[in-house]
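Could you put together the complete structure from these sequences and hints?
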Amino acid sequence: MLAGLPPFDGEDEEELFRNIASQDVAYPRHMSREACMLCRGLLIRNPNERLGSGPNGEKDIRQHQFYRHIDWHKLSNLEIQPPFKPRIKNKRDVNNFDSEFTKEPPKLTPTDKLFIMNLDQTEFSGFSYVNPEYILEV
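All residue numbers for the sequence shown refer to the numbering used here, where the first residue is 719 and numbers rise by one.
Please keep in mind that the hints were generated in silico from the structure rather than gathered at the bench. Computed from a prediction, not measured in an experiment: that's the story for all the values here. Ideal Cβ placement from N, Cα and C applies to all residues, glycine included. Some hints here could point you the wrong way.
Stated by the list, open to error - Listed below are the simulated DSS-like cross-link pairs for lysine-lysine, each with C-alpha atoms no more than 30 Å apart in a straight line:
id: 1; residue 1: K803; residue 2: K792
id: 2; residue 1: K821; residue 2: K809
id: 3; residue 1: K831; residue 2: K807
id: 4; residue 1: K809; residue 2: K825
id: 5; residue 1: K821; residue 2: K831
id: 6; residue 1: K821; residue 2: K807
id: 7; residue 1: K777; residue 2: K803
id: 8; residue 1: K807; residue 2: K792
id: 9; residue 1: K792; residue 2: K777
id: 10; residue 1: K803; residue 2: K831
id: 11; residue 1: K803; residue 2: K821
Unchecked claim - Distance ranges between label pairs, derived from CB positions:
id: 12; residue 1: P800; residue 2: P724; range: 17 to 27 Å
id: 13; residue 1: D830; residue 2: E767; range: 31 to 41 Å
id: 14; residue 1: H748; residue 2: P850; range: 17 to 27 Å
id: 15; residue 1: R758; residue 2: K792; range: 20 to 30 Å
Structure below.
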């Protein structure tokens with residue numbers, strides 16, 4: 719999000735994974751030094767060396783120079799106004815999304831029924847939700 723593009727790309731999933739495992743990230747010139755340092759710390763391939771995985775946990779991320787102006791106490795208490803608050807006219811308003819995506823017909827993925835049937839459904843045990851907007855009265 720800081721760069722405007724994902725750090726890695728590929729023609730297909732296999733190439734994407736190969737690039738993630740082997741290529742270095744190129745940071746755009748407009749990114750600040752602190753932003754580049756934060757991204758480098760979060761993208762360290764070895765998870766044990768990655769920023770936030772040490773004995774201090776997420777505290778190392780919160781104390782990073784990139785976040786030096788953040789008052790974490792105020793943020794957790796919802797006392798900070800967001801820098802951007804989208805205007806939403808109604809529940810179905812999609813004006814904050816690129817029309818490239820909103821013009822596409824909805825598509826459920828994955829569409830492979832065998833894949834869906836073979837999913838471990840125990841992951842969803844105890845979960846139920848019915849959108850009240852779609853309840854039909856009989």
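- prompt: Can you give the numbers of the hints that this structure goes against, from lowest to highest?
  reply: 3, 10 and 14
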